[in-house]
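Work out the full structure: start from the sequences and follow the hints.
Protein chains: 2
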Amino acid sequence: MSLIVTGTIGIDTIETPSGERREDLLGGSGVYFAAAASFYTQARLVAAVGDDFPQEFLDSLNDFEGLDIAGLEVRKGSKTFRWGGKYHEDMDHRDTLFTDLGVLEEAPPPVPEAFKDSSVVFLANSHPMVQLNMLEQFPDAKLSVADTMDLWITIAKPELTNLLSKVDGLVLNFDEAEQFTGHRNPVTAGRHLLELGPRFVVIKKGEHGCILVHKDGICALPAYPTEDVVDPTGAGDTFAGGLMGRLAAAGGHDLGSFGSVREALAHGTVMASFNVESFSLEKLRSISRKDVHARFDEYADMVKIG
Amino acid sequence: MSLIVTGTIGIDTIETPSGERREDLLGGSGVYFAAAASFYTQARLVAAVGDDFPQEFLDSLNDFEGLDIAGLEVRKGSKTFRWGGKYHEDMDHRDTLFTDLGVLEEAPPPVPEAFKDSSVVFLANSHPMVQLNMLEQFPDAKLSVADTMDLWITIAKPELTNLLSKVDGLVLNFDEAEQFTGHRNPVTAGRHLLELGPRFVVIKKGEHGCILVHKDGICALPAYPTEDVVDPTGAGDTFAGGLMGRLAAAGGHDLGSFGSVREALAHGTVMASFNVESFSLEKLRSISRKDVHARFDEYADMVKIG
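In the order they appear, the protein sequences are chains A and B. Note that the numbering used here gives residue 93 to position 93 of the first sequence, counting from 1, and the numbers run on in steps of one. Note that the numbering used here gives residue 150 to position 150 of the second sequence, counting from 1, and the numbers run on in steps of one.
Think of the hints as simulated: they come from the structure by calculation, not from any bench. Note that the structure is predicted; figures quoted are calculated from it, not measured. Treat each hint with caution, since some may be false.
Identical copies carry no separate label here, and so any pair may be met within one copy or between two of them.
Here are the simulated lysine-lysine pairs, DSBU-like style, with alpha carbons at most 30 Å apart [claimed, not checked]:
#1 K283 - K215
#2 K215 - K166
#3 K304 - K290
#4 K157 - K116
#5 K304 - K157
#6 K290 - K76
#7 K304 - K283
#8 K86 - K215
#9 K290 - K215
#10 K304 - K76
#11 K215 - K157
#12 K116 - K142
#13 K79 - K290
#14 K166 - K142
#15 K157 - K290
#16 K79 - K116
#17 K304 - K215
#18 K166 - K290
#19 K79 - K142
#20 K79 - K215
#21 K166 - K283
Right, here's the structure in full:
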């Protein structure tokens, strides 16, 4: 099934605890998500950039065979979203150094006609009103899932609550689940979020893995245990990309069932594990589907029970 | 195979974030470990208490069919070890309210002759010199594993390092692995610890599960996702008890291999998940092997991949 994602495209500056600083990196939630999802299915990206967006970044995106950037609007006279972040020693937390919203302050990009038949919709992190407007353009979607962040829980909780009544799934961080519900226990937090409408909630715990709270069951997975963490930026987005890409590729009437989401979580975990091994998309650009399958098998062996 | 454990027996006072305070609870690393291990194999406990130790606690221990307390010495004129702890809101950290070492400041208890043929030795947390003296009483042990804690890393690192050159395995917390090695990444920390001698290191991450770094492979497991956390005291000890109990029960020449430890970790996870559902041994006293098997199957289903 075809998968559409709306999210940001950014030009990032990253500082890591080792003191390394990299500027002008291709980033953004939509970019990381779509690149990861493209290993599984056709991933359609809807996002806007300014006319300062480098041609080499467009070339980078085009290098991903399964990634369709027909919905990438280059807006004349606008500036691309720019973000800078500095990671703490633990690599799990970061400070934002700067945010230049640029084109994100303008009207969202239109959805190309050719994308209107998308069956699976992923609403990467943005204002819940923007996510809702996007969702309403796909009344026949078979599966819709949203991501969010602390900012929207703080300043737009009613709109986010409304969005939750209209999507099948929600993906968010451990801290955000607590912030939203007041419950630190992820299973309890997940159950409260289910009461707002979605069929499932995926709670991301970074290096500690994830927990799925689904109307039909609960599941937990560890992260892929790796020593090779260069830059965690985009880990959550590539996790969601692998998850949704796998769900869309599997398709069928089982879409969004407990079994289908549980199975897809492991693919999200694998894609995130590749992503953190480099800055930007460098690692994802260097691997093939064969590498993904090999790591999936290795990961499955690492968490094998009995 | 017979399993012997030396560790503490304590009378605990616990305060939980909900404001509940419970005094005079049966606790201690040896008690929690042996109770959990007794669901899998004969668990022999070597530990000392004072003559203030209540008869009802002896009765409680005797209620565990697989638990042999012939090595429990009641020392006249001595006081039982007492400890008080108060948990933080996150249930993952705690403050020590008081510690009365009592009998722990005296000579360690002797190992009964009938226990000298034990094949599997677990050295629960105590001073590494005490652990080493205990280990030396079992020159023919097939498998020996030690636990430790931050205090010994701070004040007795050379002795602990010496102990590591003589045991097959080490179990310790995430923070302690970092404290010992200077490496926050658990895989990196585990590899450094392997260089000191053991064949495997199990890094416990509490509610986030565990990571096994073995000379022959790496494995990660999530904790059992539960909403029902009443008191985490003894979670690490019951985890180790389930792990070692299962290893001893499986026996064979494969003892301590990557496959055997990986398989046993899931049993440790299950025993810890029961333990946190009550104060002291209340939950473990209320369950049967059938309950353990049922939760094991449920847990295996929760972390199933593919």
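Here's how the hints hold up against the structure:
no. : hint        : in the structure
1   : K283 - K215 : between (35 Å within a copy, 28 Å between copies)
2   : K215 - K166 : within (15 Å within a copy, 49 Å between copies)
3   : K304 - K290 : both (21 Å within a copy, 22 Å between copies)
4   : K157 - K116 : within (28 Å within a copy, 64 Å between copies)
5   : K304 - K157 : neither (39 Å within a copy, 34 Å between copies)
6   : K290 - K76  : neither (39 Å within a copy, 68 Å between copies)
7   : K304 - K283 : both (26 Å within a copy, 27 Å between copies)
8   : K86 - K215  : neither (37 Å within a copy, 35 Å between copies)
9   : K290 - K215 : between (34 Å within a copy, 27 Å between copies)
10  : K304 - K76  : neither (52 Å within a copy, 49 Å between copies)
11  : K215 - K157 : within (22 Å within a copy, 49 Å between copies)
12  : K116 - K142 : within (13 Å within a copy, 65 Å between copies)
13  : K79 - K290  : neither (37 Å within a copy, 64 Å between copies)
14  : K166 - K142 : within (12 Å within a copy, 59 Å between copies)
15  : K157 - K290 : neither (42 Å within a copy, 45 Å between copies)
16  : K79 - K116  : within (27 Å within a copy, 76 Å between copies)
17  : K304 - K215 : both (25 Å within a copy, 17 Å between copies)
18  : K166 - K290 : neither (36 Å within a copy, 42 Å between copies)
19  : K79 - K142  : neither (34 Å within a copy, 67 Å between copies)
20  : K79 - K215  : neither (42 Å within a copy, 52 Å between copies)
21  : K166 - K283 : neither (35 Å within a copy, 41 Å between copies)
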